[in-house]
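These protein sequences, in sequence, are chains C, D and G. As numbered in numbering that gives the first Met the number 0, residues 0 to 422 make up the first sequence, in order. As numbered in numbering that gives the first Met the number 0, residues 0 to 297 make up the second sequence, in order. As numbered in numbering that gives the first Met the number 0, residues 0 to 323 make up the third sequence, in order.
Hints were generated in silico from the structure; no laboratory data involved. A hint or two may mislead.
Said to hold, decoys possible - Covered stretches of chain D, going by a simulated chain C footprint (3 or more residues, C-beta under 8 Å):
| hint | segment |
| --- | --- |
| 1 | 54 to 61 |
| 2 | 211 to 219 |
| 3 | 249 to 255 |
To be verified - Derived CB-CB ranges, DEER-like:
| hint | chain 1 | residue 1 | chain 2 | residue 2 | range |
| --- | --- | --- | --- | --- | --- |
| 4 | C | N104 | G | L8 | 49 to 55 Å |
| 5 | D | S240 | C | N104 | 53 to 59 Å |
| 6 | C | D48 | G | L170 | 57 to 63 Å |
| 7 | D | K64 | C | A205 | 51 to 57 Å |
| 8 | C | A205 | D | S240 | 28 to 34 Å |
| 9 | C | G183 | G | P161 | 21 to 27 Å |
| 10 | C | E209 | G | P191 | 40 to 46 Å |
The beta carbon of each residue, even a glycine, is placed where N, CA and C say it ideally should be.
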Amino acid sequence: MRKLFIAVAMLAPLAALPAGKIGGKVSVLGVWGGAELETFNKMVKPFEDRTGVKVEFEATRDLDAVLTTRVSAGSPPDLAVLPSPGKMADLARQGKLVDLGGVLNMAALKKSYAQGWIDLGSVDGKLVGVFPKADLKGLVWYDPKSLKAAGLSDAPKSFDDLLAEANAAAAKGVTPFAIGIESGAASGWVGTDWLENIFLKTYGPAKYKEWYEGKLPWTSPEVKSVWQTWGKIVGNPKLCYGGSQYILSTNFGQAFIPLFDNPPKAYFHFQATFIQGFIGKQFPALKAGEDFAFFALPPVKPEYAKSAEIAGDLVGMFKKTPQSAAFLDYLTTAEAQAYWVKGGNGLSPNREVPLSDYPNALSKRAAQILTSAEMTVFDASDMMPGKMNTAFWAAVVNFVSDPDQLDDILRQLDTVRADAYGK
Amino acid sequence: MSTAAPAALAPPRRGLEAVAARVAARGLLHAVLVGLSLLWLLPTVGLFVSSLRPAQQIATSGWWKALSTPFSFTLENYGYVLSQANMGRSFLNSLIIAIPSTVMPILVAAFAAYAFSWMRFPGRNVLFLVVVGLLVVPLQVTLIPVLRMFVATGISGTVPAVWIAHSAYGLPFAIYLLRSFMDELPVEMMESAALEGASHAQIFFKLVLPTSVPAVASLVIFQFMWVWNDLLVALIYLAGSPAVQPMTVTISSMVNSYGGGWEYLTAAAFISMMLPLVVFFALQRYFVRGILAGSVKG
Amino acid sequence: MWERLVWGLVAVAGVPLVLSGYVFAVERALSPFAARRRNALRPWLWLVPGVVLLAGFLIYPVVHTLVLSLFNATSTRFAGLGNYVHIFTERSMLTVLRNNLLWLLIFPTVTVVLGLVLAVLTDRVRYQWAVKAAIFVPMAISLVAAGVIWKFMYQYQPPGQPQTGTVNSFLSTLVPGFQPRAWLFDRALNNPALIFVLVWMWVGFAMVILYAALKGIDEALLEAARLEGATEFQIFFKITLPLMMPTVTVVTTTLVINVLKVFDVVYVMTNGSLGTDVIANRMYKEMFNYNDFGRASAFATLLLLAIIPVMFMNIKRFGRGGRA
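Kindly produce the complete structure, drawing on both the sequences and the hints.
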């Protein structure tokens, strides 16, 4: 009986539209709230209508605590957004996650997802997590008009060019960068994005992997040089609006505001694609593409020009039921992901989602970069074990507060590294 | 007040000096009270004004700017919060969770406090110290074992599970506070009641509970508020049953995964604050009843 | 929906009825016994509901925690005192302990003194309800909202720019030459700034309970003192305060214990960065972010040990006497 149900569940999404009703319900724990939740609900609607499965979604921003508690107490949800690939690996090795190889149609998945995404969701060769949506990181946002007026380029060839230009501007009394790294309990993550992108574009994806896997010490010349490179920007009060106190105390969601002041107080803002939603909300009159745009952080070494950093929400399965299987399958389809894309809530890792679904030229460009990048890596801090990740965030805060302490900060990160990867 | 100094040297003008001193004292009294009240209200007023402003302006200018022209107030944040599909349902859920979660621990604690205060038994003080010691237990360490227990008994995800959990968490403080009040009850009052042949149950309900009204009232306020504002316990023990979620859970899901939409929290804060404030004002008058002073001394 | 409402009403009325019924049932059940037996059994029966709840929801988890603290991260291998050795040799531990001590010294003192002053003074003015409401409001606000409020309060804009944070703006206006500060991110200021947030939230608690105690004092005593010509200060220090002392101890103890496990404020505002970490926040991180139940339990055990002196403070008070 049960087997039959599963068979139906697997056939249903395959055939996409026709299928018998499954009924029942599936519980999903996630982080999506506000506009994301509205999009999610819209996305769920056709699935519920078609399968008769009721999707019970619970949102919490304290995902770590809720998921850890429920999993440890033996009462996990059917499906859950996982806090990070690092956490996913922990859960998978404890045997808490269902091997999706026997749940999803792998042939179909391989057709619509690049191998890179499948690898990211796999632990020890088993697929345990899939990405319903993604973000592109490492973008420099600007206001085309004010950039032009200030005589700054919107396409610097290299990181050094960008830095030289920024310094030249600063010499004329113009502040080039607006940075804010405050994010409540996760303060500092903005800085980890900076460092990861500089690392990637200096040393390439292979070294990058060594780094997040804990094989490359924080005190190594490579990692240290990356902090020093970023330090040339973040440690120079002439280059950053408001200096270190402002960087530390400004929320990442408001850090772009100086760019759009009249006259502008800064010109460049480094952030992932999701910030488009924040800009749109703060300044509803601004048009994406005309009044604000982005370029990818230029490479430090030219050979890594075509590399990109991504991040995304991972969904894993804790209980295999016909309903949870059907819903997880639905989440991976182009049909479902088009909702995220159209709602402006992220990019789709599914390459079958047509570019025309993206709401504006900017998100189309981001999607293009995402699909055309030759070297894609995932957010390194998310790949690290939880402890390393948190220590990394905190290290960023300490570094911004006092860049002279770099050696000490890196030594401490190495102490954590020895502890965090050991287990 | 310049007359105060010479007045101090001249005994015949004592009356005047006393008046001046009293005026000064009253002035100081008002200054301290009004000053502290304003200081304490300021953050909340700021939040309230912010909740009536468009989100864009909250981030770019201080809230006091809204108080000068050109005015630009909006009810948009409140509209959004109230339009949430399950706001009414979750308000009701919050009530259903909060009331028994307030009554149960206070009654249970009152029994225990009465026993600790007015009954003699071996191990009384040790047991009481254990109760006080339990105040320090961080809620977080209880989550996993308790949830496991709820799962095993099949009541996880139900409202009674949350009642029981809140009752247990509220007990140490309630027992501690009530015992310290009951300890102060006059021995003569208790003895005369016992001499008249009243049972412990009668003494408890007719004498002890009514005389402890100020302490009970303050406990009701705090326990109600803690439960009303609780997010963590509800999130964990009600997991898997969105239909019984309280307001705090609904409110928290208005913020997206990046923290965007926090402006709705400003409005939600005031909406959810109303009921605790009503409880506070409703119970305030019970503090003023000096039962101990009037009825006991004869 | 209606069904739930009905159930809710049943519970609202049923819970007190059942519990009151229990006490009368106890008396009834005890009546066949001899007086001595009755008096020996009765306290335990009165304590049963409370003890059961405490045992299941607090004592059992505490024992569980003590055991887990001797095991490794996944509770699969005995680790002896390894977790304790680890947390005490961590470099940041010194800062954590220093911060907890700072909270412990400042928070209860300031809160109790302010609460006492307010409880006593509000009683003397006609607009006392307004004062009490103003002081109480922060207690009624959820922690998440309080986090939003205080981020506004402490917001920072570079010097020379219009300040959007209340504190910086007011100080710039009032104090000539004042330079705006990033209150939460300045190592010299962040701990006091965090402590003040908690004081702001808890003074209402101290005030309400102390006021209840104040109202328990026999007015006649105070009147008599006044007639004998005692000043208000003398009355307060010689009569009111000594009579309120038991309650002051209760409030202080509660605040001390609560501040030992201070967590929320730190977690929401800084998550312990720039030298603001505290024991409970470390415990939370170990447990939920790192999934290291061994070390998390060791931190929790540390809190349990820290309370021992506080309990001795109370032994003196409750240990004496024994009535009826």
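Checked hints:
no.: 1; hint: 54 to 61; result: holds (count 4)
no.: 2; hint: 211 to 219; result: violated (count 0)
no.: 3; hint: 249 to 255; result: holds (count 5)
no.: 4; hint: C:N104 x G:L8: 49 to 55 Å; result: holds, 50 Å
no.: 5; hint: D:S240 x C:N104: 53 to 59 Å; result: violated, 31 Å
no.: 6; hint: C:D48 x G:L170: 57 to 63 Å; result: holds, 58 Å
no.: 7; hint: D:K64 x C:A205: 51 to 57 Å; result: holds, 53 Å
no.: 8; hint: C:A205 x D:S240: 28 to 34 Å; result: violated, 48 Å
no.: 9; hint: C:G183 x G:P161: 21 to 27 Å; result: holds, 25 Å
no.: 10; hint: C:E209 x G:P191: 40 to 46 Å; result: holds, 43 Å
The structure fails to meet hints 2, 5, 8 from the earlier list, while all remaining hints are met.
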